[in-house]
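Residue numbers (my numbering): 13 to 120.
Calculated directly from the structure, the hints in this document are not laboratory data.
Beta carbons: idealized from backbone N, C-alpha and C, even for Gly.
Check before you lean on any hint, since a few could be wrong.
To be verified - Pair ranges (Cβ atoms, derived): (1) TRP90 to GLY25: 12 to 20 angstroms; (2) LYS81 to GLN29: 36 to 44 angstroms; (3) GLU52 to GLN29: 37 to 45 angstroms; (4) GLY26 to LYS98: 33 to 41 angstroms; (5) SER80 to GLY26: 31 to 39 angstroms; (6) LEU67 to ASP14: 20 to 28 angstroms; (7) VAL76 to GLU106: 20 to 28 angstroms; (8) LYS94 to GLY53: 25 to 33 angstroms; (9) GLU106 to GLN84: 13 to 21 angstroms; (10) GLN104 to GLY15: 15 to 23 angstroms; (11) MET58 to VAL99: 18 to 26 angstroms.
Unchecked claim - As a list, the in silico DSS-like pairs of lysine-lysine whose alpha-carbon atoms are at most 30 angstroms apart: (12) LYS81 to LYS91; (13) LYS39 to LYS91; (14) LYS94 to LYS54; (15) LYS89 to LYS40; (16) LYS98 to LYS42; (17) LYS98 to LYS81; (18) LYS54 to LYS98; (19) LYS81 to LYS42; (20) LYS41 to LYS98; (21) LYS40 to LYS94; (22) LYS91 to LYS51; (23) LYS54 to LYS41; (24) LYS98 to LYS51; (25) LYS51 to LYS94; (26) LYS94 to LYS81; (27) LYS91 to LYS40; (28) LYS41 to LYS81; (29) LYS54 to LYS91; (30) LYS81 to LYS54; (31) LYS89 to LYS39; (32) LYS41 to LYS89; (33) LYS51 to LYS89; (34) LYS94 to LYS41; (35) LYS94 to LYS39; (36) LYS54 to LYS89; (37) LYS42 to LYS89; (38) LYS42 to LYS91.
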Amino acid sequence: MDGIVHVDEFVLGGVEQGKIGRSYDTKKKKAVTAVQLTKEGKVRRMYAMGIEDFLVCSLESIFVNYISKSAQITTDKWKGYKPIAKVYNITQMESNKGRDSTLRLFIR
Numbered sequence: 013m014d015g016i017v018h019v020d021e022f023v024l025g026g027v028e029q030g031k032i033g034r035s036y037d038t039k040k041k042k043a044v045t046a047v048q049l050t051k052e053g054k055v056r057r058m059y060a061m062g063i064e065d066f067l068v069c070s071l072e073s074i075f076v077n078y079i080s081k082s083a084q085i086t087t088d089k090w091k092g093y094k095p096i097a098k099v100y101n102i103t104q105m106e107s108n109k110g111r112d113s114t115l116r117l118f119i120r
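Based on the sequences and whatever the hints tell you, model everything.
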């Protein structure tokens, strides 16, 4: 993917008693997705993949496999993206505790 790309990490699964956010000892599945947009802001293509955790080594796999280093990438401010930003052109934005994920900003 090149051009405008949004990347976001998330969990899949329902509410678990006593678990919030990125709990590491949860039964929820962890995933990361990358969405390439056209210049008009429409979805051109998307890739998603399951990951073991939200560490840089897991998040990095979607970048290496699917995203060009010349892409203009937007992520939330999760710390796992900071080392990746040394190699890729990443702009990090506040996510309002997940309520304004980078993907929700353009999917309406």
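Practice problem: Measure nothing beyond the straight line between the CA atoms of LYS81 and LYS54; if it is 30 angstroms or shorter, mark the hint as holding. | Solution: OK: LYS81 and LYS54 at ~21 angstroms, within 30 angstroms.
Quiz item: Are the Cα atoms of LYS54 and LYS89 separated by 30 angstroms or less?
Solution: It holds: about 23 angstroms lies between the C-alpha atoms, which stays within 30 angstroms.
Quiz item: Taking only the CA atoms, is the gap from LYS54 to LYS98 under or equal to 30 angstroms?
Solution: Roughly 28 angstroms separates the two Cα atoms, so the pair holds.
Quiz item: Under the criterion that the straight-line Cα-Cα distance not exceed 30 angstroms, is the pair LYS54, LYS91 satisfied?
Solution: Since the Cα atoms of LYS54 and LYS91 sit roughly 28 angstroms apart, the hinted pair holds (cutoff 30 angstroms).
Quiz item: Does the hinted range 25 to 33 angstroms hold for LYS94 and GLY53 at CB?
Solution: holds, 26 angstroms
Practice problem: Take a quick look at whether LYS40 and LYS94 sit within 30 angstroms of each other, Cα to Cα. | Solution: holds, 24 angstroms
Exercise. Starting from LYS98, check that the Cα of LYS51 is at most 30 angstroms away, please.
Key: holds, 25 angstroms
Quiz item: Can the restraint linking LYS94 and LYS81 be considered satisfied, given a maximum Cα separation of 30 angstroms?
Solution: Within the cut-off at roughly 15 angstroms; holds.
Quiz item: Taken at face value, is the distance from the CA of LYS41 to the CA of LYS94 at most 30 angstroms?
Solution: Answer holds: LYS94 to LYS41 is near 23 angstroms, not above 30 angstroms.
Quiz prompt | Satisfaction of the hinted span 20 to 28 angstroms by the C-beta atoms belonging to LEU67 and ASP14 | solution = With Cβ atoms ~26 angstroms apart, the hint holds.
Exercise. Would you mind confirming whether the straight-line C-alpha gap from LYS91 to LYS51 stays at or under 30 angstroms?
Key: The hint holds at about 28 angstroms.
Exercise. For the pair supplied as a hint, LYS41 and LYS81, confirm whether the alpha-carbon distance does not exceed 30 angstroms.
Key: OK: LYS41 and LYS81 at ~28 angstroms, within 30 angstroms.
Going through the hint list in order, the structure satisfies each hint without exception.
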